[in-house]
Amino acid sequence: MPKTENQKLKLLLLKDYLEQNTDPDHPASIHDLTAYMEANGVSAERKSIYRDIQLLMEHGCDIVATKGKTAGYFLASGAFDLAELKLLADAVLASKFLTEKKSAQLLKKLGTLTSRHRAVELRRDLVVSGRVKSMNESVIYNVDALHEAIRADSQISFRYFEWDRAKERVFRKDTRVASPWALCWDDDNYYLIAHTAEHGITHFRVDKMTNIRQTGQPRIQTEQTRSLDLASYGKQVFGMFNGSLRQVRMRFENSLAGVVIDRFGKDIMLIPDGPDHFTCMAEIMVSPIFYGWIASFGTRVRLLSPADVVAEFENHIHSMIELYEKPSP
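Per the numbering used here, numbering through the sequence shown is continuous, rising by one, with the last residue being 338.
Please keep in mind that the hints were generated in silico from the structure rather than gathered at the bench. The beta-carbon is built from N, C-alpha and C at its ideal position, and this holds for glycine as well. Do not take every clue at face value.
Claimed, not checked - Straight line, CA to CA, 20 Å or less: simulated EDC-like cross-link-like pairs of lysine to aspartate or glutamate: (1) Lys95 with Asp41; (2) Lys118 with Glu157; (3) Lys76 with Asp41.
As the list claims (entries may be wrong) - Just the calculated beta-carbon pair ranges, DEER-fashion: (4) Ala161 with Met278: 39 to 49 Å; (5) Pro284 with Ala161: 50 to 60 Å; (6) Pro284 with Arg168: 13 to 23 Å; (7) Ser305 with Tyr150: 29 to 39 Å; (8) Asp238 with Ser337: 22 to 32 Å; (9) Arg235 with Leu313: 51 to 61 Å; (10) Glu171 with Asp90: 35 to 45 Å; (11) Tyr150 with Ala266: 40 to 50 Å; (12) Tyr150 with Thr205: 19 to 29 Å.
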């Protein structure tokens, strides 16, 4: 194709080159820019490159000129700076709901949002291999489908499964129907908070859902759904493990105040109980996960009430002790 026919691409090529190849440590000289144009079949003189750079700057491109031994031009800012891209990359790697393959694909795409030189720096300390990741490749498409159903005010049908010892999917039942209300990211997993006829407000691991379809029927509204407080729901449910909702009173050592605030939020009331302890009351879905959380602090915390929850926790501890008192198989 004659070079004159490619002249319309000149500004786009110049912008692409600056985005992909330049940063404050790697400015592009006029020679670099003209050589790139020539390699792409576009005739470019020095004066025309200067005019094109000025035109891009007038239209919002943050192009900076450098002087001295490294005289040239670089794109000073893009949609994201390097620190923001590193943060996004770490979030991708930490996300259990993404497979290793999808994590690698997203990291590669994040690298295109900065110069090729800084993309290398972005990948320097990031390792996908060896992380515990999802085995369901379709999870991000599940998330998108669920958001669409929520926006459309539609019930959904889907199938739900668990993994067995052979790493095979075992479906709990045939098609299920639910009214989706929100998506929650907890403990590095995505969960759908929904209403079902069987369980009322409940939740499902998004990476264990398949064949998600909108039914076209409007979502079911109940007193539960109208009063649903997503922030409170996340505090009440430990490890997204269902249980009975109870008002639980606990006594902690003062050193655990930060842990309690991190778990229940700054609005929780911490009542001094002597010089070294405080008590607090929280609404909690009582479950084995909650008991495990309490047990992790050893003697620095004590359940105080209600009495049946305290008794159930004692039985939980005794059953574990009895297991280890038995001879090993």
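Consistency of the hints with the structure:
no. : hint                           : in the structure
1   : Lys95 with Asp41               : violated (28 Å)
2   : Lys118 with Glu157             : violated (24 Å)
3   : Lys76 with Asp41               : holds (15 Å)
4   : Ala161 with Met278: 39 to 49 Å : holds (41 Å)
5   : Pro284 with Ala161: 50 to 60 Å : holds (57 Å)
6   : Pro284 with Arg168: 13 to 23 Å : violated (56 Å)
7   : Ser305 with Tyr150: 29 to 39 Å : holds (36 Å)
8   : Asp238 with Ser337: 22 to 32 Å : violated (46 Å)
9   : Arg235 with Leu313: 51 to 61 Å : violated (33 Å)
10  : Glu171 with Asp90: 35 to 45 Å  : holds (42 Å)
11  : Tyr150 with Ala266: 40 to 50 Å : holds (42 Å)
12  : Tyr150 with Thr205: 19 to 29 Å : holds (22 Å)
In summary, the structure is inconsistent with hints 1, 2, 6, 8 and 9 from the numbered list given earlier, while agreeing with the others.
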